Each structure stands twice: as structure tokens, then as C-alpha cells.
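Peer 1: Listed below, chain by chain, are the residues.
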Amino acid sequence: KQEVTQIPAALSVPEGENLVLNCSFTDSAIYNLQWFRQDPGKGLTSLLLIQSSQREQTSGRLNASLDKSSGRSTLYIAASQPGDSATYLCAVRGGSEKLVFGKGTKLTVNP
Amino acid sequence: EAGVVQSPRYKIIEKKQPVAFWCNPISGHNTLYWYRQNLGQGPELLIRYENEEAVDDSQLPKDRFSAERLKGVDSTLKIQPAELGDSAVYLCASRGDRGLYEQYFGPGTRLTVT
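Going line by line, the protein sequences match chains A and B. Going by my numbering, the first sequence wraps up at 111, each residue one higher than the last. Going by my numbering, the second sequence wraps up at 114, each residue one higher than the last.
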């Protein structure tokens with residue numbers, strides 16, 4: 001059974017800092033991995049999707065990497081801003097097409 | 001392009017009452033998902049539809065939960081009767097048949113059972 005773990009559970013940083021969120025998964029047989037953002041009381045917004053054959057994806061100040069063999073992914077946020085404050089969720093898709101989510105990392109960027 | 005639409009956004013009911021949630025996926029998306037997200041947790045899949053067929057309902061508590069997608073477009077998720085432990089956010093997602101198979105989520109329905 002696939003299990004996804006996100007560390008840390010919460011993170012508070014000053015504005016402008018570069019930061020890394022971590023995601024690990026137990027079964028390396030995945031099709032893809034998605035990073036989502038969730039604002040309080042809102043749904044999920046997809047940030048980046050990495051196919052199993054890819055090593056990384058970039059979108060603006062966000063960079064996600066994938067090391068499938070070690071079961072790890074990182075989300076790098078450059079020059080953080082208060083508007084980046086949200087919960088970031090990692091999810092992996094296996095053969096059943098079901099997305100298995102971690103519990104998320106709650107990020108607070110202080111002005 | 002309109003996103004995934006869900007209603008209602010919030011619902012408060014007493015235990016043992018029935019409740020229903022509605023979802024309209026992105027136009028052209030044949031695959032539709034219902035997830036449940038408990039407080040402080042990631043979403044968990046309840047059911048997946050391919051057009052009007054439920055192809056994965058292994059996580060749906062069938063004694064009290066039911067879902068339908070009669071015309072292969074919008075979908076309804078029902079709970080009858082609701083229990084205190086059903087309080088959660090119910091999320092609907094859809095994806096297209098091409099490209100990255102990326103799932104797009106709606107805003108969710110926050111259910112509180114008292």
C-alpha cells in the first residue's frame with residue numbers, strides 16, 4: 001500500500017527566503033507525482049506535475065524534483081512571498097490511477 | 001475555461017439526516033473523482049467514474065454513501081444517514097483523456113454534522 005509522507009508538517013519563514021518542502025513515498029512504481037496548493041477553505045490548485053520519466057519541472061519561482069528510485073520529491077520555492085502562505089500537498093499516482101496524498105506542509109511566509 | 005463546479009459550498013446538518021453534494025466537471029472531462037478530506041489530512045479517494053461507469057468504488061462506504069453520474073457529465077454524492085464522523089470536506093475532481101492526466105479540483109463542500 002502506497003504511503004506518502006511530507007516533512008515538515010509546518011514551516012514558518014521570513015519573506016524572501018528560499019525554502020524546500022519534502023515528500024517521500026513508499027512504492028516507487030508511480031506514473032506521476034503532483035504538487036498542489038490549498039488555501040484555507042478552498043480546493044486544491046495544481047502547481048506542478050512530474051511524470052515518472054522526468055527528473056524535474058519548473059514553473060516560475062517553483063521547482064519540483066523527483067527521484068523515483070529513492071521515493072523522494074522536493075518542492076523548491078525561491079524568494080518566498082506572503083502570498084505563498086498555504087498548505088502544500090504532494091500526491092502520487094500509481095497504476096490504479098488513484099492519487100495518494102500526503103498530509104501536507106503548512107507554510108507561513110511572514111512579511 | 002470554467003473549472004470544476006461544486007455545490008453547496010457549505011452544509012450543516014444534524015446526524016441521521018440525508019445530504020447530497022453536486023459536481024459539474026470541466027467540459028469534456030470524462031473522468032470524475034470524489035474525494036473526502038478530513039481535517040489535517042490529505043484527500044482520500046471515494047469513487048472514480050469513467051463516463052457514467054463507477055470503475056473504482058472500493059473506498060466508498062456503501063452502507064450509507066451512494067453516488068451517481070447518470071449522463072456521464074455531472075455527478076451527485078449522497079450520504080444517508082449522516083454520522084458525526086462524516087464531517088469533512090468533499091472534493092470533486094476531473095481530468096481529460098489526453099496529455100498529462102492532470103486532475104483538476106473543485107472548491108469542495110464543507111460538511112458539518114452536529
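Watch out, some of these pointers could steer you wrong.
Said to hold, decoys possible - Beta-carbon label-pair distances, calculated as ranges: (1) A:96 x B:29: 31 to 39 Å; (2) B:62 x A:81: 42 to 50 Å; (3) A:40 x B:18: 48 to 56 Å; (4) A:81 x B:110: 25 to 33 Å; (5) B:63 x A:40: 43 to 51 Å; (6) A:59 x B:12: 35 to 43 Å; (7) B:102 x A:61: 49 to 57 Å; (8) A:26 x B:63: 24 to 32 Å.
Source of the hints: derived by calculation from the structure; they are not laboratory data. The structure displayed is predicted, hence computed values, not measured ones. All residues carry an ideal CB built from backbone N, CA and C; glycine is no exception.
Peer 1: Hint compliance check: list the failing hint numbers for this structure, sorted ascending.
Peer 2: Result: hints 1, 3, 5, 7 break, sorted rising.
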